[in-house]
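Following the hints, position chain C against chain D.
Here is how the chains run, residue by residue.
2 protein chains.
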Amino acid sequence: MRPRLVLFGDSITELSFASGGWGAALTDRFARQADVVLRGLSGYNTRWALKVLPRAMEGAAGAGAGADPAAVTVFFGANDASLPDQVQAHQHVPLKEYQSNLRAICAYFKERWPSTAVILITPPPIYEPARIRDMYGDDEPSRQPERSNEAAGAYAQACIDVATELNHPVIDIWTKMQEFPDWQTSALSDGLHFTPVGNKILFEEVVKTLETSIGFSQERLPSDLPLFHEIDPKDPMKAFGA
Amino acid sequence: MRPRLVLFGDSITELSFASGGWGAALTDRFARQADVVLRGLSGYNTRWALKVLPRAMEGAAGAGAGADPAAVTVFFGANDASLPDQVQAHQHVPLKEYQSNLRAICAYFKERWPSTAVILITPPPIYEPARIRDMYGDDEPSRQPERSNEAAGAYAQACIDVATELNHPVIDIWTKMQEFPDWQTSALSDGLHFTPVGNKILFEEVVKTLETSIGFSQERLPSDLPLFHEIDPKDPMKAFGA
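Those protein sequence lines, which keep their order, are chains D and C. Those letters in the first sequence? Residues 1 to 242, by UniProt numbering. Those letters in the second sequence? Residues 1 to 242, by UniProt numbering.
Isolated chain D, as found in the complex (with noise of 0.2 Å):
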């Protein structure tokens, strides 16, 4: 039976199978290989998914003993970061209980999935001018934005400390993406959510990700059933046993 991987975030996640989406490229680098389980919560915080989560995981696992997932990836802070004086204050988390929550939810898979990679992704960093056009239109700059990428690089570093404590794999997508050349409009679409080139810097570090933690990688992994360039063209029931 094909490893799994389950897709756990907010609408980054949720949106991973738009057009060049870090979901939709994972699942289209494994197709012969793995399947990939999208379970993104738009707008939800750590506190909101860890309400839901047994919920949320219904039918996202495979039957069966050996049916955990081979990872998970746990993909929140960004709305937890918000912040608790402006606009989506309703969305905020303060920093130690979303540490908690998030070793709730760590928990929680440990003890549903024993062996499940826990793949923990940081808050991406956050373009406030481009939040504030996005809350508020073209004509009130002077405003506040609702998230700072000061606030998100509090919450990153939270979750990095999160994931050191329990030993588990993370991706510091915060830090990674500043370090290309504008960010700021290159990859991010409204100073928050991913443009194709944002999707494809995450969808990278998942893949080394993986392969570094867990081995799983397009050239380890079996491929499920003969490959075309593995079928004789002059005897091609062979591949099928035939």
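To be clear, the hints were calculated from the coordinates, so they are not data collected in a lab. Relax, there's no trap hidden among the hints.
In silico PhoX-like cross-links for lysine-lysine, where the CA-CA straight-line distance does not exceed 20 Å:
id: 1; chain 1: C; residue 1: Lys238; chain 2: D; residue 2: Lys51
id: 2; chain 1: C; residue 1: Lys51; chain 2: D; residue 2: Lys234
id: 3; chain 1: D; residue 1: Lys238; chain 2: C; residue 2: Lys51
id: 4; chain 1: C; residue 1: Lys176; chain 2: C; residue 2: Lys200
id: 5; chain 1: C; residue 1: Lys234; chain 2: D; residue 2: Lys51
id: 6; chain 1: D; residue 1: Lys200; chain 2: D; residue 2: Lys176
Frame of chain D, contents of chain C only:
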């Protein structure tokens, strides 16, 4: 538990999660409502597909009663219709065998998943000059293509006939695609596989067919877990039963 859509077919299915692909678009459309399972086998014809069918479907359905997928798309014929006297002759399957293989595939699904809608998709149209270029490069335009639009059309009609006989919904993508302006190059990338425009044409046909045949649509399906706009900013936890 979420309903599932299983995509079973050849390379046009296997490649359906590449950027702009119809499989990814389905996953995106039903992101909070259904799981999409990819079972694409590049290069396969119905003879080979039938050989591997039980193994190909491992893990495609959920566990337990009521876990049959809502629908499965069966999208073969582009390879069966390869011309028997050209370079891809080993992929060719005679028309009558193509039909009996399709019947056997449908019978398998009916037996294994009695409540699952089996949606047949005809082979797409072929743009022969692009096939010649793909096979022999730019310098041999007088070569014969390995596939012809006429043969694809005959297999499309044969597929429609099987669907009619078995009372299954069918998507005639061979006819549909040729209604689009410049379909030869706007919808097809190499005279056979789909551009993002071609992918969108098929995506919309699948969405329409899911709705008309089994009432499966974004509007009618329940959403998994409270949607962000349903969460009251003044009392978010109310949405989670707290």
